[in-house]
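Chemist: These are the residues of each chain, in order.
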Amino acid sequence: MPRTSALAEADRLMTVCNSCRYCEGLCAVFPAMEMRRSFTDGDLSYFANLCHGCGACYYDCQFSPPHEFNVNVPRNLAQVRADSYQAYAWPRACAGLFARNGLAISVIAAVAVALFILGFVAADDPAALFATAGGPGAFYRLMPHNAMVVLFGGAFLYAILALAMGVRSFWRDIGEPAGTLAEPGSLWQATRDAGSLRYLDGGGVGCMNDEAQTPDRRRLFHHLTFYGFLLCFAATCVATLYHYLLGREAPYPWYDLPVLLGTLGGLGLAVGPAGLLALRQRRDPVLQDETRRGMDVAFLVMLFLTSVSGLLLLVLRAGAAMEILLALHLGIVFSLFITMPYGKFVHGIYRFAALVRYARERRSLSGHG
Amino acid sequence: MVDLTRPYDVLVIGGGNAALCAAISARRTGATVLVLEAAPKFYRGGNTRHTRNMRCAHDSATDTLTGPYTEEEFWDDLLRVTAGNTDEELARFMIHESKDMLHWIVKQGVRFQPSLGGTLSLGRTNSFFLGGGRAMLNALYMTAEQLGIDVLYDAEVVDLDIRDGMFLSAAIERDGARIPVRASSLVAASGGFEANIEWLKQSWGDVAENFLIRGTPYNRGTVLKLLLDRGVEQIGDPTQCHAVAIDARAPKFDGGIITRLDCVVFGIVVNKHARRFYDEGEDVWPKRYAIWGRLVAGQPDQIAYIVYDATSSELFMPSLYPAIEAPTVRALAGTLGLDPDALEATVRTFNDAVRPGTFDHTILDDCRTEGLDPPKTHWARPIRVAPFYAYPVRPGITFTYLGTRVNRQARMVMSGGTPAANMFAAGEIMAGNVLGRGYAAGMGMTIGSVFGRVAGREAAANAKN
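As you go down the protein sequences, you meet chains A and B in turn. Heads up: the first sequence begins at 1 in this note's numbering, then just goes up one per residue. Heads up: the second sequence begins at 1001 in this note's numbering, then just goes up one per residue.
Keep in mind that the hints were calculated from the coordinates and are not lab data. Check each hint, because a few of them may be wrong.
Listed next, with one range per pair, are the computed distances between beta-carbon atoms [unchecked claim]: (1) A/Ser5 with B/Ala1083: 46 to 54 Å; (2) B/Gly1148 with A/Val286: 42 to 50 Å; (3) B/Asp1161 with A/Val286: 40 to 48 Å; (4) A/Gly179 with B/Pro1322: 28 to 36 Å; (5) B/Ala1331 with A/Arg168: 38 to 46 Å; (6) B/Thr1062 with A/Pro215: 22 to 30 Å; (7) B/Thr1066 with A/Gly348: 31 to 39 Å; (8) A/Ala178 with B/Glu1370: 51 to 59 Å; (9) B/Asn1351 with A/Ala182: 31 to 39 Å.
Derived coverage of chain A by chain B (criterion: at least 3 residues anywhere in the stretch with Cβ under 8 Å from a Cβ of chain B; other residues may be distant) [said to hold, decoys possible]: (10) 24–33; (11) 279–293.
Here are the simulated lysine to aspartate or glutamate pairs, EDC-like style, with alpha carbons at most 16 Å apart [as the list claims (entries may be wrong)]: (12) B/Lys1272 with B/Glu1156; (13) B/Lys1252 with A/Glu68; (14) B/Lys1041 with B/Asp1150; (15) B/Lys1041 with B/Glu1145; (16) B/Lys1041 with A/Asp43; (17) B/Lys1225 with B/Asp1237; (18) B/Lys1041 with A/Asp210; (19) B/Lys1201 with B/Asp1237; (20) B/Lys1201 with B/Asp1301.
Predicted model only: the values in this text are computed from it and were never measured. A virtual CB, placed ideally from N, CA and C, is assigned to each residue, including glycine.
Using the sequences plus the hints, can you model the full thing?
Modeler: As structure tokens, then:
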């Protein structure tokens, strides 16, 4: 990625931190820094994506503002991180979506929802849009299952391709051999670290929002969000298997596995993003890259709308609002999929990749690599 | 809002580790406590801000300590670094109390971590604060607040009313007005006078103008001076301070740990006339660390330059400012503003005197000079591989030794030997009782925590009687 003022500042900060090292027990960033004497732009991008933004190093630092050394690592690495998302975006033409991400995501979502409604209306009798319909196959009378699979499968595959290309750029930029991504030990360590949000706790005191270490529930809400997302994804997978292997068509009864997984996940995906959104509003502004507020908010809102529209669909699927809710839900999910590579979603991908590299570096350092 | 019209049981002056330990320990026995910190909130805590660990005796390894460190071994270390300049009874008392401190301080919210990376050599003896000294302070302040201790910032004590060894009141200045503060007992935990250049000049002369102060500008020793003027017996050499060589480009105050340089052994050190003046290979860290500040203070304009070459450029920990680099020794002299002929001659003479040996910077190796004055007795390697590097260094003052005499209760002792009625001291202001000279990592915090805890307890008991 090009040398930005944020990268220049990161270089300065890491030089300060590397001559202090008091924060080395807080997270992975500082031990990774200590393995180096000087920092390439790739190194800094790696640190930025390794940083979980817990904030502990800011309040622990004797050189944070108003000290003249002006050390604010969480904010700077948040800037470098967001810059890196843009720099690694694929295809390059889409990188601009990160510039005003909140607006871009909103427009895409609105257009997607509108298209689904229009599509339903065009394909069907407009009156049917508000007609009562239920039972197996009810959804597919509005949109044929194959069309749904092609559209969503395509969007999903596209997202995976774009994300993979982004990781490729990231991996090249930080100068890590491709083979690391195939090391079971590093992958497993990174999975555990990411799955437990090991580094979102300031070394044990929890996510910090002030000097007094007031309890911060970011980790809890993030777990609800992430595992809620996984459960919803699992629900979709199970439903797909039902459809093709068992020939059972949605909607399924409330006690069936896809609905149970989806409901549970949906609840997590509603409470989690709502909590994260509320905490974000309360978070000390000094820690945040305020210019990227739109990106954070857009992603959380999209997740929240996905789960809420899905849950509403579940509750009201037998009623007159089913069609409009389905169009709404599908529109939101579709836009969530296609914007995955161009929004806050990528943070999880790059952070996981950074954790894989960190796991490899740790093992190399301790001689077991 | 803090109500200064009501008298407190215990007044604690200072805002660092010793002060907070005293305040918390007093409050935990039920006393009402006011803490007066001269610094603004961000700079609270004096030198504690810049600390990282404390040295406590322990009989077995723990989660964060790699092995036992017995009281006897601690005592031996203390005896060695102070060259006997200590009060054995008080020192042994402190060492004994330090054992429980590992538990007590954790109960006050402080967290430890195992030592990592560059500090492994201290992993057995010293307990490292997770996140460093400011994190430790944050934890203590949070506990203090939860316990209902009142804290005032920007509250420098400018006067003390003391009669016949009895503290009556203190005065602070706020918005141009003098406000009296009354309490039944006093704990003075307000540090030394290292940031008071005028005071340093009394011993060092104008030389002190060129000193850099490693901590905040608030360590002015105002309370120490008031106490000594009001009849408390002094202890420690009034002219001495702990001085290390730090990067000359560091800010005047509060550069902290990141401006220290530990590359003296890898090259030569010259003064502004490009002449060497001391054996750079005399001893290992930390002994050499603590002598170079004083050595540089003795050179003209209190400036010196560590000169080394590409061979050594990655052998020591990085520091804040980059080394000054040049393709030739001559060019390096030009950049540093030194006489190029003189620096070339010094380097040439040094290189010619270096005898072959096996370089190992972790031990006192056999690389030395012959026929050179002053010699370099270890780690001597010729300086001839470009590029050439230099760090400008100045004396960096960490703390001062002058203090108030105390007894085992941390109670101040008046001139003539009578214990003060209701005055106690803890931390750097009384460190000289235990640490008459020298230093070993983590001892300042041990003195602060142990005597802070004792002082708070005793001051609270005193207030109740």
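Chemist: For B/Lys1041 and B/Asp1150, compute the direct alpha-carbon distance and say whether it is at most 16 Å.
Modeler: holds (13 Å)
Chemist: Are 3 or more residues of the stretch 24–33 of chain A near chain B, judged by a Cβ distance of less than 8 Å?
Modeler: With 4 residues in contact (Cβ-Cβ under 8 Å with chain B), the coverage given for the stretch 24–33 of chain A holds.
Chemist: Using the C-beta atoms of A/Gly179 and B/Pro1322, is the stated range 28 to 36 Å upheld?
Modeler: holds (34 Å)
Chemist: For a C-alpha distance cap of 16 Å, please report whether B/Lys1252 and A/Glu68 respect it.
Modeler: Since the Cα atoms of B/Lys1252 and A/Glu68 sit roughly 11 Å apart, the hinted pair holds (cutoff 16 Å).
Chemist: Does 31 to 39 Å hold as the CB distance between B/Asn1351 and A/Ala182, or does it fail?
Modeler: Violated, at about 51 Å.
Chemist: Evaluate the given range 51 to 59 Å for the C-beta pair formed by A/Ala178 and B/Glu1370.
Modeler: Hint holds: Cβ distance 55 Å, inside 51 to 59 Å.
Chemist: Just to be sure I understand the hint, the distance between the Cβ atoms of A/Ser5 and B/Ala1083 should be within 46 to 54 Å; is that true here?
Modeler: holds (52 Å)
Chemist: I want to verify a distance hint. Is the separation of the beta carbons of B/Asp1161 and A/Val286 within 40 to 48 Å?
Modeler: holds (42 Å)
Chemist: For a C-alpha distance cap of 16 Å, please report whether B/Lys1041 and B/Glu1145 respect it.
Modeler: holds (14 Å)
Chemist: Under the criterion that the straight-line Cα-Cα distance not exceed 16 Å, is the pair B/Lys1041, A/Asp210 satisfied?
Modeler: holds (13 Å)
Chemist: Is the coverage entry for the stretch 279–293 of chain A by chain B consistent with the three-residue Cβ rule at 8 Å?
Modeler: violated (count 0)
Chemist: Holds or violated: are the alpha carbons of B/Lys1201 and B/Asp1237 at most 16 Å from each other?
Modeler: holds (15 Å)
The structure fails hints 2, 9, 11, 12 and 16 (numbered hints given earlier, in ascending order).
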